[in-house]
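Quick mapping for you: the protein sequence lines, in order, are chains A and B.
Numbers 21 to 306, taken from this note's numbering, label the letters of the first sequence in order.
Numbers 99 to 385, taken from this note's numbering, label the letters of the second sequence in order.
Derived by calculation from the structure, the hints in this document are not laboratory data.
A hint or two may mislead.
[What the hints assert, rightly or not] DSS-like cross-link-like pairs, simulated, lysine-lysine; straight-line CA separation at most 30 Å: (1) LYS370(B) - LYS171(A); (2) LYS294(B) - LYS150(A); (3) LYS370(B) - LYS166(A); (4) LYS294(B) - LYS166(A); (5) LYS294(B) - LYS171(A); (6) LYS171(A) - LYS150(A); (7) LYS294(B) - LYS370(B); (8) LYS92(A) - LYS294(B).
[What the hints assert, rightly or not] Per label pair, the in silico range of CB-to-CB distance: (9) ARG57(A) - VAL230(B): 35 to 43 Å; (10) LYS150(A) - GLN212(B): 27 to 35 Å; (11) GLY146(A) - LEU241(B): 52 to 60 Å; (12) PRO115(A) - PRO127(B): 50 to 58 Å; (13) LEU205(B) - GLU224(A): 43 to 51 Å; (14) PRO82(A) - PRO127(B): 53 to 61 Å; (15) PRO130(A) - SER177(B): 50 to 58 Å; (16) GLU274(B) - ASP217(A): 49 to 57 Å; (17) ARG214(B) - ALA265(A): 30 to 38 Å; (18) PRO115(A) - VAL356(B): 50 to 58 Å; (19) PHE374(B) - PRO111(A): 52 to 60 Å.
Built from N, CA and C at the ideal position, the CB exists for glycine as well.
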Amino acid sequence: MERKSATLLDLKSRGQSIGKRPMITIKQLDKVFTTVRDERINALSDINLSVADGEFVTIVGPSGCGKSTLLKILAGLIPSTGGLVSVADQPVAAPRRDIGIVFQNAVLFPWRTILDNVLLPAEVQGSDMKQARSRAFELLEMVGLKGFEGKYPSELSGGMQQRAAITRALVCNPSILLMDEPFGALDAMTREQMNLDLQRIWRESGKTIILITHSIPEAVFLGDRVVVMSPRPGRISEIITIDTARPRGLDVMGEPEFGRQTSYIRKLFYRMSNADDSNITGEGIS
Amino acid sequence: MSAIWNDRPHVTASASSPSWLRVMLRTHPEYLLSPLLLVVVLVGWEYGVGLIGAPEYILPPPSKIVFALWEGLSQGLTSRAGYWIHTGVTVAEIVIGFVVGSAVGLLLGTVISQFRLLDATLQPYIVAIQSVPKIALAPIVVLWFGFGLTSKVVIICLLTFFPLLVTSMAGFRSVEPERLELMRAIGANRWQIFWKARLPSALPYIFAGLEMASVFAVVGAIVGEFVGAQRGLGTLILTMNAQMNGAGTFSILVILAVIGLVMHGGLRLVAKRLLFWSDTRRRAIGS
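The shape of chain A in the complex, shown without the other chains:
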């Protein structure tokens, strides 16, 4: 009870209406891949998750737990094999304009300037380019890339490239941002800075964000809720509500509550891998 009210208060303090309306609803989602040799691989099994408007949800899990697959289904890039995924009360069948996506690599086109890269979605979607340009300039300033509009991606550091990729995802003003390990390729210092920046961007823009990460501290630091997934088949093993007040500074990571939360999730991870080991040894004996 206490936790819930704290979360509500927190959301209200950001001046956002959270209401009861879920932005994203996932019900009994299954995904089975069929390999060339006709083997069936259960990538996702019975995923149920509801994400509120304006919520920041992080997903952690060991490799192979299907978290990227889940994100791709949400983005409409691959179809599910069963269950229901809906965004803003509409089932997802194809990529949607109200979803922006950021991948692990920035995937900027080297022949386009930063500004032209950022404008790519607007160009593709036939938006009003004049409006898109002024928005792009605004966003580039917000992510700290003012003055780099005319540069080419190869002239920017990894962190700056990823900022540009985030800007590109925001340029068409989507209500949802899906991020697939966006900071995985960055060094630790840059990563922390990007976490702070992302929190700020989220609070300023009021987007719904789902972020996938390998890093437990990152998940706890950023998320309103942390979804912990387990592999083979990919399932949600637990959802943990993080009610640390916003805005969170890096010092939060030193607090005992933060330590408790991360070590709890780490224990969940170990339990998964131990279960794995016993399986393997079991097979070895028989």
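Given the structure of chain A, go ahead and fit chain B onto it with the hints provided.
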């Protein structure tokens, strides 16, 4: 001392000594070494020929080649004894054959690579045909199309078609999947994915194909003219060879080298503008 910290140090320094020369030698020693090599080879050639006593029709000294070149170029534009008309014919063959052949190759390669099944079905045949030396078809092409311009253009088309077909297919196949996924995620249609992601990604490969084709085009023109033609630098080489005019033959080679260099330089110029972003390209041309 403070002059060193000037933003254009070599300009300031040049007042005392020609240090721009030193700067150039340190950063680009090849700018001096390459011309020097040419001079050494030419001088060695000029006097070496006399030393070993090679007759002029076997190996003429460079001075005789330059003289032959001058003589050939100083004739009237339409004189059949001069070089201009033959050069014009050969250049026309090369340009038409190169443009048509590579355009068809590029177009077909592009279309084929847009359909995975078509690509896979045709692949073995393309590899098989690619390993046939198309130049061997020159005699039959001349038989089909006669001694005029057409047969040479057809031979060059055959030679330039395959490099473009193969490189464009390879280029389109090698587009990073991430780029395509991004395009799909932002809602791009097939056409937009092609123009905004696939084609630019394939461009470095296509230019590699064009460079190959430009070399083949010159080879095709000369061989075609050897096989059967009334005009062109290839026929001129045959005539001069029959007359044991070694200096003349070598002077035609100089013209062919110039044609090749101009084509190569033109392609590089376009590539530099279009492919400034490409790592592969930067590594390949070493700049």
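Hints versus structure:
1. Taking the CA atoms of LYS370(B) and LYS171(A), the gap is about 17 Å. The hint holds against a cut of 30 Å.
2. Between LYS294(B) and LYS150(A) the CA atoms are separated by roughly 20 Å; this keeps the pair inside 30 Å, and the hint holds.
3. Among the hinted pairs, LYS370(B) with LYS166(A) is consistent with the structure: their alpha-carbon atoms are about 28 Å apart, no more than 30 Å.
4. As the CA atoms of LYS294(B) and LYS166(A) are separated by approximately 25 Å, the hinted pair is consistent with the 30 Å bound.
5. Only pairs whose Cα atoms come within 30 Å are accepted, and LYS294(B) paired with LYS171(A) is accepted, the gap being roughly 19 Å.
6. Distance restraint check for LYS171(A) and LYS150(A): the Cα-Cα separation of roughly 20 Å lies within the 30 Å cut-off, and the hinted pair is therefore satisfied.
7. Distance hint between LYS294(B) and LYS370(B) is fulfilled; the C-alpha atoms sit about 19 Å from each other, no more than 30 Å.
8. Restraint check: the Cα-Cα separation between LYS92(A) and LYS294(B) comes to about 22 Å, which is no more than 30 Å; the hinted pair holds.
9. Under the hint 35 to 43 Å, the C-beta atoms of ARG57(A) and VAL230(B), about 37 Å apart, fit the expected range.
10. Our hint of 27 to 35 Å for LYS150(A) and GLN212(B) holds, since their Cβ atoms are close to 33 Å apart.
11. At about 55 Å, the CB distance of GLY146(A) to LEU241(B) agrees with the hint of 52 to 60 Å.
12. A beta carbon spacing of about 54 Å between PRO115(A) and PRO127(B) agrees with the range 50 to 58 Å that was offered as a hint.
13. For the hinted restraint 43 to 51 Å between LEU205(B) and GLU224(A), the CB-CB distance of approximately 49 Å keeps it satisfied.
14. Against the hinted window of 53 to 61 Å, the Cβ-Cβ separation of PRO82(A) and PRO127(B) comes to about 55 Å, which satisfies the hint.
15. Between PRO130(A) and SER177(B) the beta carbon distance is about 52 Å. The supplied range of 50 to 58 Å therefore holds.
16. Distance hint for GLU274(B) and ASP217(A): a CB-CB separation of about 27 Å, inconsistent with the stated range 49 to 57 Å.
17. For the pair ARG214(B) and ALA265(A), the supplied restraint of 30 to 38 Å is violated, since their beta-carbon distance comes to about 53 Å.
18. Our hint of 50 to 58 Å for PRO115(A) and VAL356(B) holds, since their Cβ atoms are close to 53 Å apart.
19. Range check, PHE374(B) to PRO111(A): about 44 Å between beta-carbon atoms, so the 52 to 60 Å window is missed.
Consistency note: the structure conflicts with the earlier hints numbered 16, 17 and 19.
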